[in-house]
Amino acid sequence: RKEVEQDPGPFNVPEGATVAFNCTYSNSASQSFFWYRQDCRKEPKLLMSVYSSGNEDGRFTAQLNRASQYISLLIRDSKLSDSATYLCVVPASGGSYIPTFGRGTSLIVHP
Amino acid sequence: DAGITQSPRHKVTETGTPVTLRCHQTENHRYMYWYRQDPGHGLRLIHYSYGVKDTDKGEVSDGYSVSRSKTEDFLLTLESATSSQTSVYFCAISGSGYESVGVSYEQYFGPGTRLTVT
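So the sequences go chain by chain: A and B. Per this note's numbering, the first sequence starts with residue 40, numbered consecutively. Per this note's numbering, the second sequence starts with residue 928, numbered consecutively.
For reference, chain A alone in the conformation it holds in the complex (with noise of 0.2 Å):
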């Protein structure tokens, strides 16, 4: 069964901060991974996919580090509402349909 580890945090980073997450992963061939983003009591939402090549989006970067089997977000100019559990996911792959989750990492972005 494919692992998924994510450090739990909490990160605890004033505004304005960059903070960066790290995900690892095993046996998967996936070509593509994915963040998640989930609020307190909140479904969790799709943050941004992460490629080979690399995702930026605003102030956000998703790499991909597939020789040593992480994946990373950062974050930069942090907001008190990026406040949240960021989830990694390792898709279905192979010919299975099951994704793996991540626990997730808790940010905490403060005045």
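Just to be clear, a hint being listed does not mean it is correct.
[Unchecked claim] Listed next, with one range per pair, are the computed distances between beta-carbon atoms:
hint	chain 1	residue 1	chain 2	residue 2	range
1	A	115	B	942	46 to 56 Å
2	B	983	A	65	17 to 27 Å
3	B	941	A	105	19 to 29 Å
4	A	55	B	947	39 to 49 Å
5	A	47	B	937	19 to 29 Å
6	B	949	A	95	37 to 47 Å
7	A	56	B	966	25 to 35 Å
Please keep in mind that the hints were generated in silico from the structure rather than gathered at the bench. Using N, Cα and C, we set each Cβ at its ideal position, and we do this for glycine too.
We have chain A; now place chain B onto it with these hints.
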């Protein structure tokens, strides 16, 4: 946002009673999933469906059953609810139509159902 709804959104029930949760999608997605989320455990897969009338068990399927008689609806049933089934239940969908399996699709989640078993 993907067209996915869950009902009811909140439910309180007594131990031993049957409960059915409904997930409805308007996206014609092939795959549908039921998860539960509890503090300290993250998302755990209960059951999933890879097509109409095609379902399989996830890692925490004991005490739960599912049915999918049409593309848009995926029902989760607790045959006899227990207090350990108090949780937040999320439905998710992925894929697009009935293309080949093994494609890495992202999932979209419903708003969740908060179930309390007393």
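Checked hints:
no.: 1; hint: A:115 - B:942: 46 to 56 Å; result: 49 Å, holds
no.: 2; hint: B:983 - A:65: 17 to 27 Å; result: 22 Å, holds
no.: 3; hint: B:941 - A:105: 19 to 29 Å; result: 50 Å, violated
no.: 4; hint: A:55 - B:947: 39 to 49 Å; result: 48 Å, holds
no.: 5; hint: A:47 - B:937: 19 to 29 Å; result: 27 Å, holds
no.: 6; hint: B:949 - A:95: 37 to 47 Å; result: 38 Å, holds
no.: 7; hint: A:56 - B:966: 25 to 35 Å; result: 27 Å, holds
Checked against the numbered hints above, the structure violates only hint 3.
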